[in-house]
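Engineer: Residue numbers (this note's numbering), protein chains in the order written: chain S, 1 to 472; chain L, 1 to 203.
In short, the hints are calculated from the structure, not lab data.
Predicted model only: the values in this text are computed from it and were never measured.
Worth double-checking, as some hints may not be accurate.
Claimed, not checked - Think about it this way: if two alpha-carbon atoms lie no more than 27 angstroms apart in a straight line, the pair counts; the simulated BS3-like pairs of lysine-lysine are: (1) 171(S) - 123(L); (2) 120(L) - 66(L); (3) 66(L) - 6(L); (4) 169(S) - 123(L); (5) 171(S) - 120(L); (6) 171(S) - 167(L); (7) 186(L) - 57(S); (8) 168(S) - 123(L); (9) 32(L) - 108(S); (10) 197(S) - 171(S); (11) 113(L) - 88(S).
Stated by the list, open to error - For each label pair, taking beta carbons as the anchor points, the in silico distance ranges come out as: (12) 199(L) - 323(S): 54 to 62 angstroms; (13) 446(S) - 161(L): 37 to 45 angstroms; (14) 248(S) - 54(L): 51 to 59 angstroms; (15) 332(S) - 127(L): 18 to 26 angstroms; (16) 254(S) - 120(L): 42 to 50 angstroms; (17) 168(S) - 203(L): 30 to 38 angstroms; (18) 147(L) - 110(S): 53 to 61 angstroms; (19) 182(S) - 55(L): 40 to 48 angstroms; (20) 197(L) - 254(S): 17 to 25 angstroms; (21) 55(L) - 262(S): 53 to 61 angstroms.
Claimed, not checked - Some chain L residues close to chain S (C-beta under 8 angstroms, calculated; not the full set): (22) 31; (23) 34; (24) 45; (25) 81; (26) 82; (27) 83; (28) 84; (29) 109; (30) 113; (31) 165; (32) 177; (33) 183; (34) 199; (35) 200; (36) 203.
Where a beta carbon is used, it is the ideal one built from N, C-alpha and C, also for glycine.
As a plain string of letters, each chain reads:
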Amino acid sequence: MHALEYAMKKTMYEKIWDSHLVVDEAGQAPLLYVDRHLMHEVTSPQAFEGLRMSGRKVRNPHSILATMDHCVPTKNRNLPIADPIAKKQIETMAENCRENGLNLYDMKNPNNGVIHVVVPEHGFVHPGMVVVCGDSHTATHGAFGALAFGIGTSEVEHVMATQTLPQKKSKTMQVVVNGNLSKYASAKDIALAITGKIGTAGGTGYVIEYTGSAIRELSMEGRMTLCNMAIEAGARAGLVSPDEKTYEYLKGREFAPSGAAWDQALAYWKTLPSDEGAVFDATVVIEAADIAPQVSWGTSPEQVAGVDSLVPAPESFTDETKRKACESALAYMGLTPNTPITDIKVDYVFIGSCTNGRIEDFRIAAEVAKGTKVAEGVTAIAVPGSYHVKQQAEAEGLDKIFTDAGWEWREPGCSMCLAMNGDELTQGQRCASTSNRNFEGRQGKGGRTHLVSPAMAAAAAAAGHFVDIRKL
Amino acid sequence: MEPYKKHESIAALMDRSNVDTDQIIPKQFLKKVERSGFGVHLFHDWRFNDDGSDNPEFELNKPAFKGSKILVVGDNFGCGSSREHAPWAIADYGFNTIVSTSYADIFYNNCFKNGILPIKVSKEQLDKLMAEIAANEGVCFTVDLENQQVTTPGGNGFSFEIDPFRKENLLNGLDDIGLTLKHADKIDQYEQQHKQNFPWLWA
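Given these sequences and hints, build the entire structure.
Structural biologist: Shown next as structure tokens:
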């Protein structure tokens, strides 16, 4: 290929980046335009306070969609929030949105739910956009071919005031997932397997684009799960190029274009996929057929194994840092090296979160839970990602399957993913969780988290320990 | 933001890698609507016993590290959640400098918004610094951002790289928003073009 022609081939990331550059001058960080700004109650109050103190205004209120999700109770919603500090945070959010004329789906709103579940439901993010939120799981929206990444609260304030962000251009990594997944292996297992392979810092400094036949086969929900966990591999953003599934999903949703604008948008979206022959800074290849249902055994999302394997021994790591990390993780998790993963007993099961709180997740979990009973001594809760997911699941009778099996069917929210709302583990309790992080204390001080897919979580609830769902 | 000045300070050692922001500031402290007062909760679950007393096993509770402004820590510091409460807690506790081999991207950006200098060093360099502190707890390092230089009494000094734009902002304590708004006309122009190119986003 001729050098010039070679240089003109662009990845999707580069196309989005180039089309959003407002200022690119020597000696300062490039300034990137932001199309959509998502908000929740935890990372925004100090940003609004900053705006007020400096006498600045929200530049484009229509670019913002806000919800309340982290602190909201998942039961007894009719009662006032018991925790006075959480209550104040919720009230502050409502007040800030009112004062600035922002679209807020508050706790009582029928559109309420976890921000990264709600936003796609309303078609608020489109291919080719730059999307930010004071939340690392903003990466979720890369499923639509949008450059979506988490920011800090100072940056939230910056975007509100200027509709831009000073940004350093990332490197690009292509993660190719070839072939077909085995039955019951899911997008979650791909995400965990990738994190296991490249590590939690493997994607640092990169934007990941997921390609390959297994990715094309994933539903939009599956792509959201996958991109959601890009941050667990250190990448601020994950991307999947838009295709017919993307367009089909968006069509007719509230904030999606319609009529002539749809045709215009569609023509643009189709220019976004990475050019044939575009060069990535790094490439990782994974065979989908090799991915067993995954279970994390440690306190970092890279500490994962197939359900058919053993808890590793620290000596099995040649790298000293990893050996030490394994040692301290096993001590915290109360696990003995070489225990079969399927021998690990659980006390708690949580299905939900921005990773796995969508309708498809509850469908697959209900398929596994149907006709079973939650094992003795196990508490199992199903927390829909939004009121719309909840309604849809109820319309399909999924709630009944869960409650008949002894599960609790809750109101939507982040719930036990980060345990800010009172849903939490107690010291030493062990949880099969469909969330995204197994950090120490994440689900409650001394709580032990094992990250799994919804199907694996449902199977663990019935058996009281992990099971290889491929063998059910 | 306070301008970052050359200083000599105790270097505290945390020989741990992949320290995530959930550990730096656990979620139960994220409900506040203010920016200040997070320092007392820094590393809460490691730092305190269940009864609220100091955990003597935790590194930063060592008397030799009291008053430290420099945190020397293992790989991939600040991974996980984007919470800016993490650098708020670190700064409020008293640190203004971190030395590690690597940082998570969001955390790294957040540091600069809060007057914290995150210095990147090689694994070999980090090992030397850690060994020097371990052998002489309470040792003071000197950090000179202007000249991008760290010096130590044990002779393990080094120079470090930093983005010139970020360096300038730290040294002068500049507000990012004010800098961006100098380009207000360019943002206006971009937005006009954007409206023409993507009218459906503005409908």
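Engineer: Which of the listed hints are not met by the structure?
Structural biologist: none
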